[in-house]
Amino acid sequence: MSTATVESKKITLRTADNHEFEVDEAIAMEFGTVKTFFDENPDASREPIPLPNISSQYLSIIIEYCKSHLAFRVRESSSSVEDGAKAYDEELIKSLDNESLKELILAANYLNIKDMLDMLNQGVADRIKNKSVEYVRRFFGIENDYTPEEEAAVRAQNEWAFEGVDPDDD
Amino acid sequence: MLSCSRSLLSQTLKRKSKPKTKSKTKTKLKINQNGSRKQTVIARNQQIDEEEEEGFNLKSSAPSNSHGVQPLGNLYFNPGSINSRNTGLGNLQILSDELVLEILGLLEGTHLGVLATVSKSFYVFTSHETLWRNLVLDNLKGGFSYYRSWKVTYITNFCPSFDVSKGDRFSGLRVRDFYSDYLFQSWLCANLEMKPEWLERDNIIRKRGISIDDFVINFEEPNKPVLLEGCMDNWDALGKWDRDYLVNFCGDVQFSVGPVKMRLQDYFNYSDQAKEERPLYLFDPKFAEKIPALGSEYEVPVYFREDLFSVLGNERPDYRWIIIGPAGSGSSFHIDPNSTSAWNAVIKGSKKWVLFPPDVVPPGVHPSPDGAEVACPVSIVEWFMNFYGTTKDWKKRPIECICKAGEVIFVPNGWWHLVINLEESIAITQNYVSRRNLLNVLDFLKKPNASELVSGTRDRINLYEKFKNAIEASFPGTIEELTAKAEEKKAQQKKLSFWDSVTDSKVGAFKFSF
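Chains as they are written, first to last, in the working numbering: chain A, -9 to 160; chain B, 1057 to 1570.
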């Protein structure tokens, strides 16, 4: 029995801080931006693709995500595989601070990786829902620019949303 | 990368006092035309001629619910000014408007209500009507009673005991120094009226009382659009159908409106009040099945009676729709499914049509290579604002017209078309297959990605086989005959071009014709 080594095509990505990442073509094609480029330019030479908006710190996270999810998809769909993917996502989100979460959103948006972007957006949404106004302000470093009268008025207008929300919820 | 336009009048800073014409207030605004609201990789090469000052007519009912949002370019007129959009978002400010809205779109109504009090920036973002429209439609489907705005509709439906007039004094909260292209453009498109110069061009051929042969030879065969007059004269619907008649007649029957189903009454209640960029549009493919009497109050014009999909009986794809919508509703650029041809008859109201032939992709439209997806990211009004002007200089101009009550437009298969209702309109449209486009349709259904492209039926993959066999059964030999004719035509065209190259066809008046 011969074990044939599968030669997969590689694509090189160059980050803003001049690191080069060599990835399997399949991974790079998870990036909508890259896929569209090669769909429309099938004869393009496979030179390193510059990604001036993305640093190596975040690209490596993205590549890991795509690798893992590709592996999940290749396996036959089952509840345990789905749970595995979910667990991976949860762990990832937990590990990210606000700054990283935000930077990854920008990167996933630029690279057009829909699944990852949806997951990251949900991560932010989860961090701000059911929280008090003060918490959200502190959390995002937001300056309250309402005058006391304005704030009271807006609060009155949205009082219906506050019923049942614990003001001191942290 | 947003470039600054040359002259801008900020809405909150200056309003040029102009003599008010009857019901319109003209506000001169120059919008940053480069602000692509959907982040795509595709570069926009089209630029509006910026030498021309553009004025926009706002609907007289335009609410000030832009909250004082200004286009981003205005920021450059305020040196040293901060953008309250950014200070109010804190760390999130670096995200684009679209991304912020995507995140907010994952939240429930109560979350949005709470966030509104965080900062003025959050107030503006959480007020974005699309968020509330999605919440209403997702949670209530078609069973909502629209009241004043989507946000108020949400509150009245979910917290009926809450007095929504409480915040009325402050609903017009003016936010100073908030600059955002996306939100401004969104508000603008919802409140813009169609400019007269967008409605001027009417270059379609109009015919009245022509014979069926005439139609087939001059329009259907060569695949050319035409506007037909006088073929609805014997329709009961033409005199009878108006809003009151239909509401009374149809009662509680639910009609398809976008993603939901609604009673006519509820739909009109919505369409009367809502001012949206993309209004919900009533487009029902089963109206005659739901209310057979409606089906009997109109008849297919004589030109379109050959209807080959009928061989499939109940298994045929959707083929006839009733279409009802307010001014501003319509369909952005698309090609009709399954390579069929169509006719569209206006019973009430009027529609503006813009059509491009199959080989000319309209500006601003990006079909995917396999044709499975048509990305026209802009709404109808935005298309007119940003792309219509470029067609003036094109050699291949679009066909345009305004179709009024009693008129029927023929849309040949494969043609791109865009439609916008200029007033509340009621219409009927049907798609069909005749011998003239039978081969096209079969080719289309045969395609390997048929499962994505074929529409209007649940049985996409087998449609080709089913249809072909049914045709063979009912009209044996037809496909063969048509194929033979098509081959002959191709051969003759080849011959013609051969002779063209041999003879100097410019000399004398002698011309081959077959």
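Hints may be right or wrong, so weigh each one.
[Stated by the list, open to error] As a list, the in silico DSSO-like pairs of lysine-lysine whose alpha-carbon atoms are at most 30 Å apart:
1. B/Lys1550 <-> B/Lys1522
2. A/Lys25 <-> B/Lys1502
3. B/Lys1541 <-> A/Lys25
4. A/Lys104 <-> B/Lys1503
[To be verified] What follows is a list of derived Cβ distance ranges for each label pair:
5. B/Glu1543 <-> A/Ser58: 26 to 32 Å
6. A/Thr137 <-> B/Pro1315: 49 to 55 Å
7. B/Lys1346 <-> A/Asn31: 45 to 51 Å
8. A/Val71 <-> B/Glu1521: 46 to 52 Å
9. B/Lys1197 <-> A/Thr26: 30 to 36 Å
10. B/Ser1424 <-> A/Leu60: 18 to 24 Å
11. B/Pro1216 <-> A/Glu124: 25 to 31 Å
12. A/Ser67 <-> B/Gly1351: 42 to 48 Å
13. A/Asn31 <-> B/Lys1452: 47 to 53 Å
14. B/Asn1195 <-> A/Leu60: 31 to 37 Å
15. B/Leu1255 <-> A/Asp73: 34 to 40 Å
16. B/Pro1315 <-> A/Ser67: 22 to 28 Å
To be clear, the hints were calculated from the coordinates, so they are not data collected in a lab. The C-beta atom is built at its ideal place from N, Cα and C for all residues, glycine as well.
**Item:** Hints breached by this structure
**Value:** 1, 3, 5, 6, 8, 13, 15
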